[in-house]
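A.B. asks: So the sequences go chain by chain: A and B.
In this text, residue positions in the first sequence follow the numbering used here: the first is 3, and each later residue adds one.
In this text, residue positions in the second sequence follow the numbering used here: the first is 26, and each later residue adds one.
Some hints here could point you the wrong way.
[Unchecked claim] Here are the simulated EDC-like pairs of lysine to aspartate or glutamate, each with C-alpha atoms no more than 20 angstroms apart in a straight line:
#1 Lys87(B) - Asp47(B)
#2 Lys78(A) - Glu103(B)
#3 Lys78(A) - Glu58(B)
#4 Lys78(A) - Asp569(B)
#5 Lys78(A) - Asp90(B)
Please keep in mind that the hints were generated in silico from the structure rather than gathered at the bench.
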Amino acid sequence: MSEQSDLLPGTLDLLILRTLVLEPSHGWAIAQRIQQVSKERLKVPQGSLYPALHRLEHQGWIRSKWGSSDQQRRAKFYSLTRAGRSQLATEASKWERLSGGVNLVMANE
Amino acid sequence: MRLWNLVVAQVRSLVLRTRRQDELDEELRLHLEQEIAQQVARGLSPEEARRSALRTFGGVEKIKDECRDAWGLRLVDELGRDTRYATRRLARDWRFTLLAVLILALGIGVNTAMFSVINALYSPPATYTDAHQLVNLYQNDRDSGQPGFLGTSYPAYEDMAAYTDLYTGVMATTVPYPMGIYHDERVLRGVAEFATSGYLEVLGLAPSRGRWFTAAEDRPGAEAVAVLSHRAWTTTFEASPSVIGETIRLNGVPVTVIGVGPEGHSSGWWDGITTDFWLSIPTMLAFDDSTNGLERDTREAPFLVKARLRDEVSVPQAQAAMTTLGARLASEFPDEDPGRGISVVRSDTVRIHLEFDGPITAIAWLLMVVVGLVLAIACTNLATWLLVRGLSRAKEVSVRLALGATRGQLVRHLLVESTLLAGAGGVVGGLLAVWAIGLVALLDLPVDVDVGLDYRVLGFTLALSLVTGMTFGLAPALKATRVTLTPALRGEGDSPASGRRAFTLKNVLVVSQVALSCVLLVGAGVFLQWLTTMETADVGFPIDGLAFVETDAGLAGYAPDEAAALYETWRTRVAALPGVESATLAAGPPTGGLDGPFSTREIEVDGYTPADDEFVRGRWTWAGPGYFETLGLPPLYGRTFTEFDRPETPGVVVINEVMARRYFGTPNAVGGRFRVVARSGEAETGAGVELEVVGVVPDTRDWVLRDPLPSFYRSSSQGDGLTPTVVARTALDPVSLLPLMRQTLRDLGGELPVLWARTMPEHVAAALGQSRAAGAFLSGLGALGLGLASLGLYAVMAFGVSRQAREIGIRRALGAGRTHVVWTVSRSVATLLGVGLTIGLGLAWASVRGVAAIATSVTLTVPAIDLMTFGAVSALLGTVGLAAGFFPARRAAKADPLVALRHL
Chain A
3 MSEQSDLLPG TLDLLILRTL VLEPSHGWAI AQRIQQVSKE RLKVPQGSLY
53 PALHRLEHQG WIRSKWGSSD QQRRAKFYSL TRAGRSQLAT EASKWERLSG
103 GVNLVMANE
Chain B
26 MRLWNLVVAQ VRSLVLRTRR QDELDEELRL HLEQEIAQQV ARGLSPEEAR
76 RSALRTFGGV EKIKDECRDA WGLRLVDELG RDTRYATRRL ARDWRFTLLA
126 VLILALGIGV NTAMFSVINA LYSPPATYTD AHQLVNLYQN DRDSGQPGFL
176 GTSYPAYEDM AAYTDLYTGV MATTVPYPMG IYHDERVLRG VAEFATSGYL
226 EVLGLAPSRG RWFTAAEDRP GAEAVAVLSH RAWTTTFEAS PSVIGETIRL
276 NGVPVTVIGV GPEGHSSGWW DGITTDFWLS IPTMLAFDDS TNGLERDTRE
326 APFLVKARLR DEVSVPQAQA AMTTLGARLA SEFPDEDPGR GISVVRSDTV
376 RIHLEFDGPI TAIAWLLMVV VGLVLAIACT NLATWLLVRG LSRAKEVSVR
426 LALGATRGQL VRHLLVESTL LAGAGGVVGG LLAVWAIGLV ALLDLPVDVD
476 VGLDYRVLGF TLALSLVTGM TFGLAPALKA TRVTLTPALR GEGDSPASGR
526 RAFTLKNVLV VSQVALSCVL LVGAGVFLQW LTTMETADVG FPIDGLAFVE
576 TDAGLAGYAP DEAAALYETW RTRVAALPGV ESATLAAGPP TGGLDGPFST
626 REIEVDGYTP ADDEFVRGRW TWAGPGYFET LGLPPLYGRT FTEFDRPETP
676 GVVVINEVMA RRYFGTPNAV GGRFRVVARS GEAETGAGVE LEVVGVVPDT
726 RDWVLRDPLP SFYRSSSQGD GLTPTVVART ALDPVSLLPL MRQTLRDLGG
776 ELPVLWARTM PEHVAAALGQ SRAAGAFLSG LGALGLGLAS LGLYAVMAFG
826 VSRQAREIGI RRALGAGRTH VVWTVSRSVA TLLGVGLTIG LGLAWASVRG
876 VAAIATSVTL TVPAIDLMTF GAVSALLGTV GLAAGFFPAR RAAKADPLVA
926 LRHL
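With the hints as constraints, model all of the structure from the sequences given.
C.D. replies: Below you can see the structure in the form of structure tokens.
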């Protein structure tokens, strides 16, 4: 639990959307997956996760549906909408430009 | 699409709110459970796992709040909270709330009701298809050269109608005539117009049932036919389809109903008139005294002519052609039609008649100004209260600012409060308006008017009160949020110096309220005084103890000579009733009525040379035996009629004083001679006969108490003039006499209808009823204005004094006497009052002058500018205003100076 870093502002939305491309998922699972995929480097701030989910849903990028989890427990599953997919593309290209730019600057001797 | 999704999401958020709260709880609970499960799996005890999970998660309530924000419900939540908060505040200040709602309701209610009534009375011109093609054709008045109210003759209409190259159609209709309709064994009153065959077609209308007159029915000799108005058909005739083809009796004349007029069409003149029948032109000849209407002479011609222009014809072109026609008529008929020309006026520019439209507009405006004044006072008043309240809340505002409220939140609170107030005022005001309109409908208006609540007006007044509430609630609120915290928190309020400025908003509001109320009160006062003069105006003879009953034997089918005998029998029987001092016969109610006993006729007076174009005329009526004795009109000179005045003796006449002075140059005109000019083609008893004046009697006034006109009386024994009215004088209560008089009429047999049965005092009072209602209305508004202004003054004064409490305390502590303190405060009140009164009296003087100008133009008695009223109003407002300042000042002066000082 040592190498974890805080998320850059605005990246949480992107990460949530990217995670949901694979399959519909509930809040806790989204956080877990982000941590696993990032090899525990990224830690989702749990206080911001749910407000972010509700905001994305209100904006129409994801939609929610009650289903049962792996442990047969009732859980709220979020999935990507079509608007969410195009939003993900926009956000992803924005992120690429940003990280690419940062990398170039950092690589400059 | 995106926007739509947002809207849907918003609505869903609102609707599914509680469910979403529960779902959110469950969602978060699940998260925590899984987190705990994970920690337990890593080897922590369940208790430690729970604590750790909660720690990583953060504040659950905060997260929930942020989620709810994400739903976009925050604004709605806060508005709801503001509303609840404002409601609580308003409920706590219930005195203020009640007052504000009441002020608003009165302002909104009175205005809405009044504007609705004015709108209904002053209904816009009826809209016909292609109204721009419709023109009114007037023969000009021979005196003024302007379009006269009466004065387009039937032959002239026929000449106009011959211009088929200008018009696709021309129609003529007469002024509405009152008629008795014999229906269902009763005589009802109705109104009839005589109209030509083109009437409906020119207006672009069609009968709703049956048919209209044909061109053949315009010509003399055709059968007498009538078209019922749709309204009369549905009410009087209960929408019976069998009425078409039926014969009905109007004023005893049988006419056949051939159709029912268009629905919603009330009259060719003006929508305010409700005509019950249209009669064909030849029917005029069947009615007494209407024969002159079809002659070339323009003086008593009763027609209104409307024409529909051909597409290519303009109004100036039609005017040019009509001017030529006018000149031709003048050269052909120099006596009957002395050539003042013909005017062509577009119909949609005329409301009732060119002559009346101006004054009616003026009166409507006048009423609107009066009501507007009340609204202005109500708004200023509310503004004062809100201002005072806003300022006195400076402390509360500071506390809340200090506790971290933003200015936006504070302003929103205050706005919500004002809106709530205005809304409540609007609802109560709307109810008040409905109630007031109900009252107006009970009044006996001269024309039947369909009055309904005008929602546009209600909306307008409501909007106005909202704006007032917002503006005057917001201004102090904004000012209050800018206060420096410390002094306000210490309860210091304004420094005394700030009260010394002359043009504070507060002072302006007080002065304008005083001034506006002043105008309103002076207006009401002057009007009431004018009314009193009217009421005390003498009709010219003692009316107490007089009663009259009018019948019409013609309606029951009696011939004139039979009728005359019947009336005489009836009179002698009434005279024999117990308590009756004397009874006489008259042609109608002695002061006249809608169809009074006098008919105006042209006369030729020996030795009197009329001025150019002067129409020498007098009002003629028939007087039965003992007429002047019963009424109480002893002759000033000469004698009245005796039994020696017989049909075979020379014609004698009694005239009134005005006639004696005007045409004989002396009040003692006994021995003077004149003739009534016979109407051509008419064999009328008494017309053309040489008449000798045998007596002069005092002037009497007619039923609306206008100034006396030249009048003459002829003895009923010298003609077969119809005198169907018995007038009786009793020493007892005349009200108790009326049933007996009706009974004697019934005892005569022959189903004689009762057209009128009234005591004279009732009859005179009824004529004044409208003015009295208007007077009551105006005084009510005046009282309302006074009440509001006093409240406003009191609010400002009480507030001002309470702000000066500290100053007063210091003064008292330093040894100032109570009287001195009260005097200081009262002096500032007196200054405000003085300024307000000066402005108000000036405005009032100007408005009374304005009203006088309008009144003159509609030949009403001019209200005099009366210093008494001005003085009384000043005294009243001054007293109320000083009292409003005095009581708070005395209370402040009485307070313990130490208590006041402790507020330091």
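A.B. asks: Keeping to a limit of 20 angstroms between CA atoms, is the pair of lysine 78(A) and glutamate 103(B) held or broken?
C.D. replies: Cα-Cα ~28 angstroms, so violated.
A.B. asks: Next pair to validate is lysine 78(A) with aspartate 569(B); report whether the Cα-Cα distance is within 20 angstroms.
C.D. replies: violated, 94 angstroms
A.B. asks: For the pair supplied as a hint, lysine 78(A) and glutamate 58(B), confirm whether the alpha-carbon distance does not exceed 20 angstroms.
C.D. replies: holds, 14 angstroms
A.B. asks: Sort out whether aspartate 47(B) lies within 20 angstroms of lysine 87(B), counting only the CA atoms.
C.D. replies: holds, 16 angstroms
A.B. asks: Run the distance test for lysine 78(A) versus aspartate 90(B): straight-line Cα separation, threshold 20 angstroms.
C.D. replies: holds, 19 angstroms
Comparing the model with each earlier hint shows violations of hints 2, 4; every other hint is respected.
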